[in-house]
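Protein chains in written order, with my numbering: chain A, 1 to 145; chain B, 1 to 326.
In short, the hints are calculated from the structure, not lab data.
Where a beta carbon is used, it is the ideal one built from N, C-alpha and C, also for glycine.
One or more of the hints may lead you astray.
Said to hold, decoys possible - Below, computed lysine to aspartate or glutamate pairings styled on EDC-like, alpha-carbon distance capped at 16 Å:
1. B:LYS191 <-> B:GLU245
2. B:LYS234 <-> B:ASP289
3. A:LYS31 <-> B:ASP289
4. A:LYS66 <-> B:GLU110
5. B:LYS189 <-> B:ASP148
6. A:LYS31 <-> A:ASP93
7. A:LYS66 <-> B:ASP179
8. B:LYS51 <-> B:ASP214
9. B:LYS155 <-> B:GLU110
10. A:LYS35 <-> B:GLU110
11. A:LYS8 <-> A:ASP133
As the list claims (entries may be wrong) - According to the in silico footprint, chain A covers these stretches of chain B (three or more CB under 8 Å from chain A):
12. 61–71
13. 139–153
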Amino acid sequence: MAMPNPAKRVTQGQFSFLPDLTDEQILAQIKYALKNDWAVNVEYTDDPHPRNTYWEMFGLPMFDLKDPAGILMEVNECRKTFPEMYIRITAFDNTHGWEAPRMSFIVNRPSSEPGFRLHRQNRNGRNIGYSIDAYAADKPEGERP
Amino acid sequence: MSDTETTENEQEFEKLPDDAAVDLQAEFERSQVQEVLDKLDNELVGLVPVKTRIKEIAALLLVDRLRRRFSLTSETPTLHMNFTGNPGTGKTTVALRMAEILHRLGYVREGHLVSVTRDDLVGQYIGHTAPKTKAVIKKAMGGVLFIDEAYYLYKPENERDYGGESIEILLQVMENHRDDLVVILAGYKDKMDKFFESNPGMRSRIAHHLDFPDYTADELEQIADLMLADQSYKLSTCARQALSEYIPIRMELSHFANARSIRNALDRARLRQANRLFASREKELKKEDLITLTEEDFRASRVFLDGKLDGDPADGIMNDMNFDEK
Numbered sequence: 001m002a003m004p005n006p007a008k009r010v011t012q013g014q015f016s017f018l019p020d021l022t023d024e025q026i027l028a029q030i031k032y033a034l035k036n037d038w039a040v041n042v043e044y045t046d047d048p049h050p051r052n053t054y055w056e057m058f059g060l061p062m063f064d065l066k067d068p069a070g071i072l073m074e075v076n077e078c079r080k081t082f083p084e085m086y087i088r089i090t091a092f093d094n095t096h097g098w099e100a101p102r103m104s105f106i107v108n109r110p111s112s113e114p115g116f117r118l119h120r121q122n123r124n125g126r127n128i129g130y131s132i133d134a135y136a137a138d139k140p141e142g143e144r145p
Numbered sequence: 001m002s003d004t005e006t007t008e009n010e011q012e013f014e015k016l017p018d019d020a021a022v023d024l025q026a027e028f029e030r031s032q033v034q035e036v037l038d039k040l041d042n043e044l045v046g047l048v049p050v051k052t053r054i055k056e057i058a059a060l061l062l063v064d065r066l067r068r069r070f071s072l073t074s075e076t077p078t079l080h081m082n083f084t085g086n087p088g089t090g091k092t093t094v095a096l097r098m099a100e101i102l103h104r105l106g107y108v109r110e111g112h113l114v115s116v117t118r119d120d121l122v123g124q125y126i127g128h129t130a131p132k133t134k135a136v137i138k139k140a141m142g143g144v145l146f147i148d149e150a151y152y153l154y155k156p157e158n159e160r161d162y163g164g165e166s167i168e169i170l171l172q173v174m175e176n177h178r179d180d181l182v183v184i185l186a187g188y189k190d191k192m193d194k195f196f197e198s199n200p201g202m203r204s205r206i207a208h209h210l211d212f213p214d215y216t217a218d219e220l221e222q223i224a225d226l227m228l229a230d231q232s233y234k235l236s237t238c239a240r241q242a243l244s245e246y247i248p249i250r251m252e253l254s255h256f257a258n259a260r261s262i263r264n265a266l267d268r269a270r271l272r273q274a275n276r277l278f279a280s281r282e283k284e285l286k287k288e289d290l291i292t293l294t295e296e297d298f299r300a301s302r303v304f305l306d307g308k309l310d311g312d313p314a315d316g317i318m319n320d321m322n323f324d325e326k
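Next up, chain A with everything else stripped away, as it sits in the complex (with noise of 0.2 Å):
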């Protein structure tokens, strides 16, 4: 079978697919969403997978700010507290009629990301049911690196 992702990279939210944003790109993408004024948040988790949309959020959220290096001051503290996990920064838009996320991208990685393992179960009349699981949550939490 092809290897969709032969860099074993996840792929979520923007950028993904580039190599990981240094902290002046990550500055100039906080910046816009700023200016745009919607609340940026970091979040983090050790569960990779694409249906697990609800991070956790690292400290309060953060409102009226001007300037990103208060935010990316923020994201260097996550990242020295959890640095083996995927960290995200996300901007909601509350505007009427959007009220939802309007930038999510990952500025931390594990060091070695393990990918996925495929399920296959077989239904009802030799039908086949996909699902897949993240290899980084095989442990309980707590246990995983």
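Once you have looked at the hints, place chain B on chain A.
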């Protein structure tokens, strides 16, 4: 972080060879700092030592910017400041202008002023202070953090006070994020001196100490004129006389807060004027009547009548209202 700073600067002006010549005047005009300095001169009466100091700081920063073009210094100078002076001497206003100057010279990215006091920084229970202080710091990044009555942060009489935690975080940020924000502390001179005595780390991180002198009676009168002009009022000749008599008497009384007291006196005069106009409402009014404060608007002040402050809670305005329903 520092990576961004240097690249931004490089984009802004390329490095020069050693034998190049630069035009300080052109650089000065390009920064448009003069505009802010003029505004400072026009808006603020007196305060000569402060204005001189600000010009010095502006000159230093400008020269520093030129030096950087020759790759002479790379480190951002320490810009944290301490404003001491009695209430109403213009500390907040100057801080606002300072933010603008720093912004025009490119030392802060956004140039906004976040004005806070102890309550905004210090929490009420364990673990509350750090996130609170950090949230304020994050808001102020790219601009100026103005901490009014900063000496309240440290309460030596209570060793379980959380103020110390806040100071520690501030110190760290003042050191590590010098590119990102400028902290200005403000407060009464003697209390700030005591504050620095018990927080030597804070003192050494602050480069500029500016003392705001009290205004003289003449300066206060000029300030009154500026305020009135701002609000489209004017004084009749007799009222002017009354005001210049009022100011020295008020200066002797307690709770004198320089420009702020003058503002309050004018506000009360406006109140009396409105009352006076309302009392004689049969008469036709002209524009002139609406903008003129007369002698009686000032002479009715209790500062004149019995040498006490207006609006003392003990008697006066509160009693006049009389809460009829009861």
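Verification of the hints:
1. B:LYS191 <-> B:GLU245: violated, 32 Å
2. B:LYS234 <-> B:ASP289: Status holds; Cα separation ~10 Å.
3. A:LYS31 <-> B:ASP289: Roughly 52 Å between the alpha carbons, so the hint for LYS31 (chain A) and ASP289 (chain B) is violated.
4. A:LYS66 <-> B:GLU110: Holds. LYS66 (chain A) to GLU110 (chain B) sits at ~7 Å (cutoff 16 Å).
5. B:LYS189 <-> B:ASP148: holds, 13 Å
6. A:LYS31 <-> A:ASP93: holds, 14 Å
7. A:LYS66 <-> B:ASP179: With Cα atoms ~15 Å apart, LYS66 (chain A) and ASP179 (chain B) stay inside 16 Å; holds.
8. B:LYS51 <-> B:ASP214: Holds, because 14 Å separates the two Cα atoms, which is no more than 16 Å.
9. B:LYS155 <-> B:GLU110: violated, 33 Å
10. A:LYS35 <-> B:GLU110: Satisfied, since the Cα-Cα distance of roughly 12 Å is no more than 16 Å.
11. A:LYS8 <-> A:ASP133: OK: LYS8 (chain A) and ASP133 (chain A) at ~14 Å, within 16 Å.
12. 61–71: violated (count 0)
13. 139–153: holds (count 4)
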